[in-house]
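Undergrad: Now for the letters of each chain:
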Amino acid sequence: MTVYNTPMTDSTATIDNAQFIKDLRRGDPSAVTQLYNTYADRIYSLVFNQVDRNHEVAQDIVQETFVAALKSIVKFRNKSKIYTWLCSIANKKVADFYRRQKRQAKYQTKALEPDQIGSDTLAPDSAESEERQEDARLALSSLPLHYRQVLILKYVEEMPVLEISKIMERSPKSIEGLLTRARKELRARLATPSEG
Amino acid sequence: MANFTSEDKMKELLKSVCQPVAPSPEFKDQLLQDLTRGVEDVTHPHWIQPRVLVPIAATLISVAIGYGIWLGQVAEARFLP
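Protein chains in written order, with the working numbering: chain B, 1 to 196; chain G, 197 to 277.
Some hints could be false.
Derived coverage of chain B by chain G (criterion: at least 3 residues anywhere in the stretch with Cβ under 8 Å from a Cβ of chain G; other residues may be distant) [to be verified]:
{"no.": "1", "stretch": "38-51"}
{"no.": "2", "stretch": "63-71"}
{"no.": "3", "stretch": "91-99"}
{"no.": "4", "stretch": "129-140"}
{"no.": "5", "stretch": "144-156"}
What the hints contain is simulated information worked out from the structure, not anything from laboratory work.
The beta-carbon is built from N, C-alpha and C at its ideal position, and this holds for glycine as well.
With these hints in hand, go ahead and build the complete structure from the sequences.
TA: Dropping the structure here:
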């Protein structure tokens, strides 16, 4: 089995060497395993936070993301980091999910409920902070998807604007504008929490 | 300075709401198995594999030969007295 010199425990670990990409293109199972072990948790977290912390939905989207990534690995031109590329696929899959959900909502009205397991992981210090976090979670999940995505990439993933622009396929300037609007909207929604 | 504080607060808030979460080990194992099993089909599509390609090629060649023979017989019947 080929080892690509990547610490498995490091959440920010990356594997971007040419040999690794070559092995992935050849369909080398050890390269696939390495890709998966390095990025699965991070991609899962990213998706999970975009789909109202719903594990079932996150699992489906992560699966679709990795399958799509392996299918299109031949198209990967090494112009961005593998993680950036995976994030870009995951973001598109999340958008596809919401598009499908919107279509289905015309026929049935079933709200996407956050999983209890997901809410438990927040482990708030007190009832007050739990309430504040819940308000913030609701405010974030009520934002339009592209606002939510840009905020998560910027503040949770701590990505630079240039990388976000590659993921969201927009210019850096457009990302700056989007960030400003997303921040403003989130602040507004936090200031006036929705009733019920 | 106010902006920095605000940015900082935004980060703190979003980090507290979007804490990292790991998928269940069962899901991870199952998906990894599916991916490593499926990678052969993905990188080397099913129809390119010899066990699929050879019968398809043999069938196409047989059909071409058959058509040639039939065409020869039709031509012979039409043009020869």
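Undergrad: Each hint: holds or not?
TA: Status of each hint after checking the structure:
1. 38-51: holds (count 7)
2. 63-71: holds (count 5)
3. 91-99: That given contact is violated, which follows from only 0 residues of the stretch 91-99 of chain B lying within Cβ reach (below 8 Å) of chain G.
4. 129-140: holds (count 4)
5. 144-156: As far as the stretch 144-156 of chain B goes, the hint holds, because 4 residues have Cβ atoms under 8 Å from chain G.
Of the numbered hints stated above, the single one contradicted by the structure is hint 3.
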